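A.B. asks: Make a model of the complete structure from these sequences and hints.
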Amino acid sequence: MSDFDGSFGAIISNLFKDNGTKAAYLPCVLASALIFSYTSADLVLNQTDLVDYVKTEKNWNIVFENNIVDDNGDNLTFEFDDIWADGDVKVIDFFLDDIPVDDGHFVGYIDVKVIPEECNGRTGSEGRCENGIWISDGGEWECDSISATLLGDNSTLTGQWFDSGNTLSGSDSDCEPIYLRIVTYPNYNLHQSFNQTAVNEYQALSPWTVEGWGDGVVSVQINLDVNTYGGFGPADDSEEITILVSVHQFNPTASLVSEQ
Amino acid sequence: MAESQSLVPVAAIVDLILGFVTIALVRRSGDKEWVEKFAGLIIGWILVLKGLEYTFTSVMETIVANEGLWIIDSSNNLQDSFFRFAQRTCKTISILLLVFLPFVYPYPILQRKWNIKVVTASICVLSLILSTISILTDYRHSDGEWFMLIPGMMILVLVYIRFLLMEIETGENSHRRMSLVAGLLLIAMLGEQMTYWLAQVISINNDFLARFAVEWSLWEPSTFGWLGTNLVLSMGASTILILLFFESWRTYHMGISGFSIIVYLVGIVGFTAGIVDYAIMDIVRSCVETECESFPAAFEIWYDFTSETLVYLFTPLIFMYILLNFDIIDSDASENRWLTRIMVILMLLIVSSSVIELLQSFLPVPEMISSAALAMVVAIFIGWEERIMTNLMREGDTVSQKLMEMDELILLKIDERDYDIMSASMASVVFFSLIICALYSAVI
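Sequence order for the protein chains is A and L.
Take the first sequence: its position 259, counted from the start at 1, is 259 in this note's numbering, and no numbers get skipped.
Position in the second sequence counted from 1, then plus 260, gives you this note's numbering.
Rather than coming from a laboratory, the hints here were simulated on the basis of the structure.
Some hints could be false.
Computed footprint of chain A on chain L, listed as stretches where at least three residues anywhere in the stretch have a Cβ under 8 Å from a Cβ of chain A [claimed, not checked]:
no., region
1, 516–529
2, 541–550
Short derived list, chain L residues pointing at chain A, Cβ under 10 Å [stated by the list, open to error]:
no., residue
3, M414
4, V417
5, D467
6, V474
7, M495
8, D657
9, M666
10, I670
Pairwise CB distance ranges, derived in the manner of DEER restraints [unchecked claim]:
no., chain 1, residue 1, chain 2, residue 2, range
11, L, F555, A, Q192, 50 to 58 Å
12, L, F531, A, N66, 47 to 55 Å
13, L, S621, A, T56, 45 to 53 Å
14, L, E595, A, A41, 51 to 59 Å
15, L, A539, A, P27, 30 to 38 Å
16, L, Y538, A, D49, 18 to 26 Å
17, A, N189, L, M628, 32 to 40 Å
18, L, S382, A, P27, 25 to 33 Å
19, A, N189, L, T397, 15 to 23 Å
20, A, N154, L, L623, 41 to 49 Å
21, A, L168, L, T550, 48 to 56 Å
22, L, F531, A, N154, 56 to 64 Å
Keep in mind that this is a model prediction, so the values were computed, not measured.
Don't be surprised by glycine CBs; every beta carbon is placed ideally from N, CA and C.
C.D. replies: This is the structure we're talking about:
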């Protein structure tokens with residue numbers, strides 16, 4: 001006659017009947033508990049708060065530190081100087097792939113300044129302009145007609161060609177410099193700060209850390225029409241024109257304003 | 261090369277077919293002992309519930325046009341969807357069935373006449389309570405359900421160790437039947453988690469969990485839910501280490517077996533996966549530290565071929581092997597034979613064709629070649645059908661026979677209607693739980 005009655009106690013007693021089973025089973029349970037304990041501690045102490053933090057949207061203030069890409073201290077990236085003849089139409093290319101953009105910086109916009117030979121504000125130039133006539137100690141000259149254009153068609157320059165902040169062409173016949181600008185980084189506005197909602201600093205900055213803008217070639221087309229004045233100055237049939245290019249780079253930083 | 265496809269719909273079909281056939285065959289196996297009939301019914305319903313869960317997952321994948329088990333619902337289509345509620349409800353009920361299976365099979369801890377009634381009632385009541393609470397708490401605590409699996413896992417490990425040691429000690433081969441069933445059930449239940457064992461032991465799975473919590477909009481666990489997920493991963497890691505240790509010991513004394521090879525394979529997969537996981541930690545942590553970077557394609561392929569294949573294709577095959585090899589269903593009876601054979605060939609063909617499709621997704625194999633390969637597989641299965649069936653039913657003895665020999669099983673006279681009541685109750689609870697899901701998703 002069997003002694004086994006199917007009770008819970010009898011079943012457990014059967015399972016642990018052999019000493020070998022007890023000796024082997026206990027370390028297995030302890031090892032399992034150990035694995036669960038230290039992984040749980042790691043999970044609860046290190047990961048859950050981190051995940052809560054990461055999943056909470058926060059307000060960030062994005063500010064930009066701006067300067068000009070400049071490797072020789074003259075606050076210019078490129079300088080080009082040449083003498084044009086009357087009626088010349090020339091395209092001057094400036095290659096941006098070789099300029100030393102600092103680490104963590106991105107090209108925000110590019111300024112181009114076209115300065116005629118007789119010009120208000122030109123270095124070493126002494127004189128004044130009255131009704132389109134340049135008057136200086138050496139004589140009087142009629143200001144030349146100059147037009148300058150940043151060429152967008154077929155351009156390799158990666159920029160915002162339709163940005164409202166652009167000045168893609170200009171002309172002058174009053175001995176004044178011509179100022180052109182092409183914004184290269186999307187939505188970049190000088191000296192502005194932004195409020196951004198994001199879960200972490202990286203994502204707050206991510207719209208401002210996209211590589212590839214401001215690469216390629218800046219092509220400036222100059223049209224010159226030399227005007228000869230019948231006054232006291234020498235005959236004028238050419239013009240020295242200087243093109244100054246400033247590539248503006250920015251470094252974005254984010255500071256936490258508040259957690260939503 | 262074909263486009264990579266999700267295995268979830270295949271798993272849904274395989275599990276549903278196998279589940280319903282199992283329930284039908286158990287009903288026809290009138291002469292079996294109560295242990296086999298009860299276990300067969302529980303396994304059948306586990307497969308049906310897994311099949312339903314995968315069906316709802318497939319629908320969700322289609323809705324968000326996304327592949328894989330883990331769904332990123334960026335457009336928020338699924339947050340209050342019936343399919344999400346239904347999928348989680350089926351998962352809850354299948355976990356409850358897994359919780360109670362080790363109390364019945366292979367070594368019944370409950371040996372009383374009332375056991376079917378009590379187990380059925382417990383599963384039904386807990387299903388309704390847990391699925392409702394889960395819906396109301398937006399599934400934040402749902403992963404805590406894994407805590408209920410602790411007693412069952414402890415029982416299975418205990419049974420495995422006891423009978424393996426008895427086999428080594430006495431040299432009696434029949435003890436292997438018990439340790440083999442317990443070991444196979446452990447792999448069927450925790451197979452996926454076992455393939456992450458090294459990552460769990462060195463605690464880098466936590467980084468994956470943190471990433472998924474950030475990346476998946478549908479998974480926002482509470483601390484209790486976090487611990488539940490960590491628990492099932494820890495159980496997977498510790499059980500495969502236990503299986504590796506004891507199978508090595510057994511191999512040393514008794515020689516290698518097919519099950520030992522399976523355990524070693526899972527162990528090697530887990531070891532390799534741990535190293536691969538460690539190698540991509542920067543990508544894993546990117547979700548928390550910067551922004552989510554995608555996993556490399558090679559990692560995805562590795563995952564498809566190991567963890568996903570094990571969960572979706574091999575788990576139903578393991579259950580089928582247990583059902584046939586340990587004679588849970590009466591496959592010899594003339595009225596069952598044809599259904600059993602159809603089921604086996606169908607399962608093997610579906611799994612083979614899915615594996616061929618998976619291979620085609622990353623190997624430059626022309627479709628003509630893969631069709632020819634599939635035709636070869638069909639020819640082999642038809643030609644060797646007799647041999648395959650014989651091998652599947654090789655053990656031929658039930659675990660209850662073994663336990664009776666050891667005088668450790670009470671032969672209970674359980675009313676046949678109890679089994680039908682169990683099936684009817686399970687069908688009802690699934691139906692009403694899905695009604696609750698439909699109503700809740702409609703009113704919120």
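A.B. asks: Kindly confirm whether 45 to 53 Å is satisfied by the beta carbon distance between S621(L) and T56(A).
C.D. replies: violated (38 Å)
A.B. asks: Is 47 to 55 Å a correct range for the gap between the Cβ atoms of F531(L) and N66(A)?
C.D. replies: holds (53 Å)
A.B. asks: Given a hint of 41 to 49 Å, does the C-beta separation of N154(A) and L623(L) actually sit inside it?
C.D. replies: holds (44 Å)
A.B. asks: Does the beta carbon distance between F531(L) and N154(A) stay inside 56 to 64 Å, or does it fall outside?
C.D. replies: About 57 Å separates the Cβ atoms of F531(L) and N154(A), which means 56 to 64 Å holds.
A.B. asks: Three or more residues of the region 516–529 of chain L near chain A by CB distance under 8 Å?
C.D. replies: violated (count 0)
A.B. asks: Does D657(L) pass the interface hint, meaning its C-beta sits closer than 10 Å to a C-beta of chain A?
C.D. replies: The hint is violated - D657(L) has no Cβ within 10 Å of chain A, the shortest such distance being about 20 Å.
A.B. asks: Could you tell me whether the CB distance from E595(L) to A41(A) stays inside 51 to 59 Å?
C.D. replies: Between E595(L) and A41(A), where Cβ atoms are some 56 Å apart, the hint holds.
A.B. asks: Has the hinted range 15 to 23 Å been met by the Cβ atoms of N189(A) and T397(L)?
C.D. replies: violated (46 Å)
A.B. asks: Does the Cβ-Cβ separation between N189(A) and M628(L) fall within 32 to 40 Å?
C.D. replies: violated (60 Å)
A.B. asks: Quick one, is the M414(L) hint okay against chain A at 10 Å, beta carbons?
C.D. replies: holds (7 Å)
A.B. asks: Kindly confirm whether 18 to 26 Å is satisfied by the beta carbon distance between Y538(L) and D49(A).
C.D. replies: At roughly 23 Å between Cβ atoms, D49(A) and Y538(L) fall inside 18 to 26 Å, so the hint holds.
A.B. asks: Hold the hint about V474(L) up to the distance rule: shortest CB distance to chain A must be less than 10 Å.
C.D. replies: Holds. Min distance 5 Å.
Hint compliance for this structure: hints 1, 8, 11, 13, 17, 19 and 21 are not met, and every other hint is.
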